[in-house]
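Asks: Could you build all of it, start to finish, from the sequences and the hints given here?
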Amino acid sequence: MDYKMKIAGIDWSLPLCEVTEDLYIGAFILFGNAKLTEACARDLLKKAPEYDYVITAEAKGIPLAHEMARQNEDETYFVARKYPKLYMSGIFDVEVKSITTDKVQHLYLDTAEAEKMKGKKVLIVDDVISTGESLWAIEKLVNKAGGEIVGRMAVLAEGSAADRDDIIYLEKLPLFNPDGTVKC
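Heads up: the sequence shown at position 19 corresponds to 22 in the numbering used here, and the numbers run straight through without jumps.
FYI, nobody ran anything at the bench for these hints, they're computed from the structure. Certain hints may be false.
What the hints assert, rightly or not - No more than 25 Å apart at the CA atoms, straight line, and that leaves these computed lysine-lysine pairs for DSS-like: (1) Lys175 x Lys50; (2) Lys9 x Lys63; (3) Lys147 x Lys85; (4) Lys143 x Lys124; (5) Lys38 x Lys63; (6) Lys175 x Lys147; (7) Lys49 x Lys9; (8) Lys50 x Lys85; (9) Lys119 x Lys63; (10) Lys63 x Lys88; (11) Lys50 x Lys38; (12) Lys121 x Lys147; (13) Lys175 x Lys7; (14) Lys88 x Lys9; (15) Lys38 x Lys9.
Replies: Below is the structure:
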């Protein structure tokens, strides 16, 4: 089963995936599609507030953050990592439990990157905002770093996230029943 929709002017089909016995979601993956990523970045930048840096969570938001930074001619963007890396000069972390992940994870930020973020306007971007858990975790990292969050953006707002007034997104993505019909 697929859900068809238009995203950033492009007709797209999202496969429906089981989360629980009575809940399915449309899987939106930017990896591997340069045209869609470019179009989504372009359309989000049109709606973006003024910012100094973009940050996203590893991994699905990386192509979007990269393309937004490229199109806006930003020299740097940040990725909250799922695991500490050897090159990190120091780290701090927060816990996160996402709807698409079956366990509690951590997001890590390098203290050297945090220093760059201190006192700067930071725009959080992701592919999909659903429960808001990943968004909350990134917000916590940005706050720890001393950055000022100026916006929260996603390509898609899933389920009740579309009702939030603190995020900017391109399209609404409904939740689904096991038979592929949209949940009310």
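Asks: In ascending order, which of the hints set out earlier in this document are inconsistent with the structure?
Replies: When the structure is compared with the hints, numbers 6, 8 and 14 turn out to be violated.
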